[in-house]
Amino acid sequence: MRHSLKEIAAALGAETLGDATLVVDGLAEPGAAGPDDLAMALTPKFADSLAGGRARAAVVWPGANLGALGLEGAIVAPGGRLTLAGVTAMMDHDPAFAGLSGCHPTAVIDPTAEVPADALIGPFVVIGPGVVIGPGARIGAHVSIGPETRIGAGATLHAGVRIAARVRIGARIIAQPGVVIGGDGFSFTTAGPSNVDRAMRQRGDAPLPPPEDGAWHRIHSLGGVEIGDDVGIGANSTVDAGTIRATRIGNGVKIDNLVQVGHNVVLGDDCLLCAQAAIAGSSVLGPRVILGGKAGVADNLSVGRDVVAGGGAVILADVGDGRFVSGHPARPTRDHRAELRALRRLARGD
Amino acid sequence: MRHSLKEIAAALGAETLGDATLVVDGLAEPGAAGPDDLAMALTPKFADSLAGGRARAAVVWPGANLGALGLEGAIVAPGGRLTLAGVTAMMDHDPAFAGLSGCHPTAVIDPTAEVPADALIGPFVVIGPGVVIGPGARIGAHVSIGPETRIGAGATLHAGVRIAARVRIGARIIAQPGVVIGGDGFSFTTAGPSNVDRAMRQRGDAPLPPPEDGAWHRIHSLGGVEIGDDVGIGANSTVDAGTIRATRIGNGVKIDNLVQVGHNVVLGDDCLLCAQAAIAGSSVLGPRVILGGKAGVADNLSVGRDVVAGGGAVILADVGDGRFVSGHPARPTRDHRAELRALRRLARGD
Amino acid sequence: MRHSLKEIAAALGAETLGDATLVVDGLAEPGAAGPDDLAMALTPKFADSLAGGRARAAVVWPGANLGALGLEGAIVAPGGRLTLAGVTAMMDHDPAFAGLSGCHPTAVIDPTAEVPADALIGPFVVIGPGVVIGPGARIGAHVSIGPETRIGAGATLHAGVRIAARVRIGARIIAQPGVVIGGDGFSFTTAGPSNVDRAMRQRGDAPLPPPEDGAWHRIHSLGGVEIGDDVGIGANSTVDAGTIRATRIGNGVKIDNLVQVGHNVVLGDDCLLCAQAAIAGSSVLGPRVILGGKAGVADNLSVGRDVVAGGGAVILADVGDGRFVSGHPARPTRDHRAELRALRRLARGD
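Chains as they are written, first to last, in my numbering: chain A, 1488 to 1837; chain B, 1488 to 1837; chain C, 1488 to 1837.
Don't read these hints as lab results, they were simulated from the structure. It should be emphasised that the depicted structure is a prediction, and the values quoted were computed from it without experimental measurement. Every residue, glycine too, gets a C-beta built ideally from N, C-alpha and C. Any given hint could be a false lead.
[Stated by the list, open to error] What the simulated footprint calls covered on chain B by chain A, stretch by stretch (three residues with Cβ under 8 Å from a Cβ of chain A suffice, anywhere in the stretch; the number is not a length):
| # | stretch |
| --- | --- |
| 1 | 1639-1650 |
| 2 | 1732-1744 |
| 3 | 1759-1766 |
Using the sequences and the accompanying hints, generate a full structural model.
Here it is in structure tokens:
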């Protein structure tokens, strides 16, 4: 996207220095920026690479000296990463759907589905009976949407997203390629006590004898999934259907790649789940919970609002509001660190 | 699905209370159930929400009082979650394939493939040369099946499942969207000792110098995959092909989402692998092994029958029959817990 | 593939014993090999199963006695797994693309894309505007390639691979089914300090109060992905686009299944990432780093050349060249093992 510094600054509520009519058509790191790029130099640590490079325009820190940096124009960053959010949004020419217009003739859309005239529907998309798609939706190649599912306005479903039947999604979802929403929950039962029940009960370490009947009986997933507005879901992540009520994801939730959200889970608004995190069946997370990469929550737990779980933390018991936990099993981060230090001293013989 | 209480009770081998001719067309939690739902109230803890709700019919615990609960009819649950399995199976109208009949005209089926007349084949399915599909199979949109693969009777392959060449699958598999079966094993070798070999051998902590030749040479995967009957595989899970013999998955095995099964692995009957579990190349698991979420098994190990590994356990050595292990490295759960307690006391200075 | 022992030995630079004109058409384990198979018996531990089986031909260890093993011909293995690499490569009839020739008529290829005449393009492939595909590429069913992406010579993209816009890939990549390259990075910011910032700063364990504004603002991913030559990527793995410069993967890198490579990451040549490993945003790994299964690297870190991280290791701080680390948090493996031993002794009361 081509914009003048003036246009970008206006959108950010920022000020300009020097020639505000300069037009840029891309973003770059300070040292790699060419004459048509806007160099991103949000802190003074970039001063040398900016001065030594070919950039004519940059986003700079408050107090930066245009001349010393060899720039012809600049935007003064009002606020760190929020500036980065604003600038990247403006400069994104959003190429994923380039070349598409309207509904591709190869798409297979059930006659009972409602697809608005302004939707972009890519090649080989399959939309089942009774589906309702909101206005402005963009649906990439090879996406499949199961019967009776509803998807809100402004949705972006990238190539190969799989949405099963019985799913309700709010406005403006962005689903990266390979996301699966509404697959069956992993819910099975044995006729007698399962090996997990037996192992837990026994506690000691005498080995379990074989059970009388080890067969697993499937509990079907009838509850579907309900997802709020402004949700993002990363590549190849999976959200399972609930058993007799929906798995629920609140507004504003952001989910990274390869994350698992189990059946019946409830995620409060604005939760953030980093890559390879997982939440087992029926656990409930309050709003704004953050799970670091590879963190996990066992089944049937309650995790309060504003909990932060460090990378790799495995939550095995309920966690109260606002707690910061780490380790496996997860415990207060302060305690976890104290234990790591104590163990190190022990091993060294201190 | 619409069923009378009498029909459902007959299928479960259960008794009814009150008006057994009542017809229900969905399942619901006790407090959320409407007048046409069957409320699931398997224990007395649901008494209040049932009595306060609008349900006319419910599955109740033995001894429940119809009148006190405000119900017109009920089914007395013979056995907890097994009841849930039976009721959810009956009430599932199984919408994933709604609107499909026979073979969709867009499917690309090699003329040498055998596809039975009663199979459901969705839009844009690709079936390669020499493939044999069993009777009653249901194959969702965008599934691809590689050359010479065989899939047994009653298979359900949901949208976007990828099955490579050289795969043999038994009857009644259910594969969720995005499953990949038969991709290449992760098998590479270096000309000299690899960095892993060198690091293991050295043991000390002097840093490794660069190797003479760090290039990885691919070992091709010729062995394919063999899967038994009644297997379930969760969304975006992966099962790799064996090297010179098949990777093998026994009958009744259930695999959750985002699970990795490496090349040459052998899984005994009725194993259960929870989300994000992984088994590295050439390890052998006996029947009925349960791996909790995020659990792992290193390569070339033997894990006995009826072993239970807790969530996040990482098995780095052989495990005998019937053992319950936890932690990383996995050890007897009793020992692991004792170590966690000892560490906590140490850090507190007790 | 059918080859004589002589042909195979010539390709490997190996010697033959007995009848070198014997023709084999498959590989097998020594005990399972039939009369047309080449049994793989690289060490003397296979002597009994070879002698007791039906194999007429085998790859054997130096010094093996043809007559005592009941063989008519043999190839003497010059070097362990490198031999396995060579033999499996020769015997692989590479069935994935069997039955395909040229460009399948169902493929949707933008008129501005450059697709060479010798490429194999499978059914329902979608290739966007401005894409350039190198000679000899093989692209499986249902692959989608976004606008302006370039893919080098001899690429193999298996079924259902998703490559977004702004991606540059070198020669001879092999991408297993379900790989996603170039999805959006997981990059969000809050207007004020995030809960992670607040939890880190506080250190104590008083619970966090709710923030004033918990909404996440998206930082767009404009940088794409650059991948070198001879890279392999496993099923359902994901590589995210960079923010303002490309995420970079060096030559010869091998990535297993279900691995996450975050935005802005740089991987040096010949790195090897085992299943379910993950690297968070902006971390830089030197050449030949090996991450064991389930290992992780936190964001914004530097990991030196030839580092080996054991299975499940979680790297939370920079690591110098050539180090061998284990545990969570990752530390020198020698220290980690000493800590495990000390803890075991502590719990036992030794």
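Results for each hint:
1. 1639-1650: holds (count 3)
2. 1732-1744: It holds, with 4 qualifying residues against the three required.
3. 1759-1766: Since 4 is at least three, the answer is holds.
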